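Chain order of the listed sequences is A and B.
Oh and the first sequence: position 212 is 231 in the numbering used here, straight run, nothing missing.
Oh and the second sequence: position 99 is 118 in the numbering used here, straight run, nothing missing.
If you are wondering where the hints come from, they were derived from the structure by calculation, not from laboratory data.
Identical copies carry no separate label here, and so any pair may be met within one copy or between two of them.
For lysine to any residue, the following SDA-like pairs were computed, each having C-alpha atoms within a straight-line distance of at most 25 Å:
| no. | residue 1 | residue 2 |
| --- | --- | --- |
| 1 | 313 | 222 |
| 2 | 34 | 167 |
| 3 | 313 | 268 |
| 4 | 204 | 222 |
Just so we're clear, the structure is a prediction, and the values are computed from it rather than from any experiment.
Here is how the chains run, residue by residue.
Protein chains: 2
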Amino acid sequence: MSLLVVGSVAFDSVKTPFGEVEDVLGGSATFFSTSASYFTDVRLVAAVGEDFPERHVNFLKMREIDVTGLERAKGKTFRWKGQYGYALNEAETLDTQLNVFESFRPDIPDQYKDSDVVFLANIDPDLQRDVLRQVDKPRLVAADTMNFWIEGKRESLMETLKLVDILLINDGEARQLTGEHNLVKAARAIFSMGPSTLVIKRGEYGVLLFHGDAVFAAPAYPLEDVFDPTGAGDTFAGGFMGYITSIMDFKESVVRRATVMGSVMASFNVEDFSLNRIRDLDYKEIEGRYREFKTLAHFDDI
Amino acid sequence: MSLLVVGSVAFDSVKTPFGEVEDVLGGSATFFSTSASYFTDVRLVAAVGEDFPERHVNFLKMREIDVTGLERAKGKTFRWKGQYGYALNEAETLDTQLNVFESFRPDIPDQYKDSDVVFLANIDPDLQRDVLRQVDKPRLVAADTMNFWIEGKRESLMETLKLVDILLINDGEARQLTGEHNLVKAARAIFSMGPSTLVIKRGEYGVLLFHGDAVFAAPAYPLEDVFDPTGAGDTFAGGFMGYITSIMDFKESVVRRATVMGSVMASFNVEDFSLNRIRDLDYKEIEGRYREFKTLAHFDDI
Chain A
20 MSLLVVGSVA
30 FDSVKTPFGE
40 VEDVLGGSAT
50 FFSTSASYFT
60 DVRLVAAVGE
70 DFPERHVNFL
80 KMREIDVTGL
90 ERAKGKTFRW
100 KGQYGYALNE
110 AETLDTQLNV
120 FESFRPDIPD
130 QYKDSDVVFL
140 ANIDPDLQRD
150 VLRQVDKPRL
160 VAADTMNFWI
170 EGKRESLMET
180 LKLVDILLIN
190 DGEARQLTGE
200 HNLVKAARAI
210 FSMGPSTLVI
220 KRGEYGVLLF
230 HGDAVFAAPA
240 YPLEDVFDPT
250 GAGDTFAGGF
260 MGYITSIMDF
270 KESVVRRATV
280 MGSVMASFNV
290 EDFSLNRIRD
300 LDYKEIEGRY
310 REFKTLAHFD
320 DI
Chain B
20 MSLLVVGSVA
30 FDSVKTPFGE
40 VEDVLGGSAT
50 FFSTSASYFT
60 DVRLVAAVGE
70 DFPERHVNFL
80 KMREIDVTGL
90 ERAKGKTFRW
100 KGQYGYALNE
110 AETLDTQLNV
120 FESFRPDIPD
130 QYKDSDVVFL
140 ANIDPDLQRD
150 VLRQVDKPRL
160 VAADTMNFWI
170 EGKRESLMET
180 LKLVDILLIN
190 DGEARQLTGE
200 HNLVKAARAI
210 FSMGPSTLVI
220 KRGEYGVLLF
230 HGDAVFAAPA
240 YPLEDVFDPT
250 GAGDTFAGGF
260 MGYITSIMDF
270 KESVVRRATV
280 MGSVMASFNV
290 EDFSLNRIRD
300 LDYKEIEGRY
310 REFKTLAHFD
320 DI
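Here chain A stands alone, though its shape is the one from the complex (with noise of 0.2 Å):
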């Protein structure tokens, strides 16, 4: 089975508490083929200028990522620089050049055309139904967004979310795409919106997902080192949406397990730098870590 995400590469200058790193490998879509890569194989769409150094390539096919849709531009690759303070959980941004991310059309390769399943990561809505009207018929269409496309292109994200299986977001964008303070209320609107899954990233607060009439809450692992939050949420949809696609079922139970798979990618991720810490894991460390999120859930029947 395949995944195929559009999404961002980028160059990350973060500084946290613990720490500065600059012009370190980023972007939406390297996290999550990444974070997916432990679990199925992904295709990437992704474009990066002249700027964008052969390693950082020869990375993402090392994890057998396939980057035949990553598309060398001219111009410089997009830039991002935040900082976080001690809570970690909003990184304020200090500068963004979108080069060539700017004028970034998604061209996908025939090759991909046949993916099992779409993943759209933070893109112009109008870019992600761009790509889904070039796949044939992917089995599961699942989408990020983000606050500037809810208040700024609302009517295209509208046609997006029609054609999304599973929306990922995090609570404050939820509660600003719906107008309802309350999750439940949210995700009873976000459902007659399009998607059947709702996926609420809440940061060290762990995950709520609704599914259908199900309602899971995640925890996070509470870490007594977290690094760096950069790309988070990219990890966990990769995870997620990786194993969802290595199992190919959408049960109720199949996509508990997913939530749980997210939550220990991102976990693993926010211990270092960049990919730092999910650039070459063992498949033993997921299962232990996995392991370590059953226990700290678990509770006996009274």
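For this one, chain A is given, so just place chain B on it according to the hints.
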């Protein structure tokens, strides 16, 4: 087995986006003892004024709470007035009239002195130690506190913490008490102050339990209608301590179940103003909600 609680009995005036009530029954000891009364024998110590109606005392008696220690003092009952916005996560205090609570000196009745378990609700840490001097030898001591004492009476609070087995506080208080933003580090710091169990209440995000080396994350139930969060923390503590006292075992599996039981009781409490929702629950309702928590948190092994 018997559970002694020392705290406040009060009149609350509360405004939420969903309604408004005036001078309704409230106070930490009231929420705590009502919640705990579903699980064990409760003995209450608090002070009320001459304006406190007999029907409230009769309600507590109806719940089989021992009110021998409910002192009726000259003056008026403690009054608190607050309001909540749509986020419902933090009350804005509009008015506090301590009244008889200002000169409250807990006087533990002789027949209470053999209590097995003691819960020191959020009162002056000097008074918390004063209570412990008056009881024989409880098998378990639990306490709550707040930012007011952490800032203003730190040394006294530290003396109290040496005598406390279980500390129940919210995440902001844990951070303020220890100067550690990371809750794993905060838990370790609190363990070095005395307690061997730490319950961190996180409102709509549930509860994080540190018990020796074990960590347990209990979700909060995603309710569609949260009406009034007043008393949720004390109602949690009542369910938690009441359940532990009923089993009188302090092993990890019991404390995990107690954490969920506290969350169950709190989830009922927020569904209506004052104690309206937890005045007269059917035990079957409690068991049913516990099973819903079980479903909410369940996922299979991979």
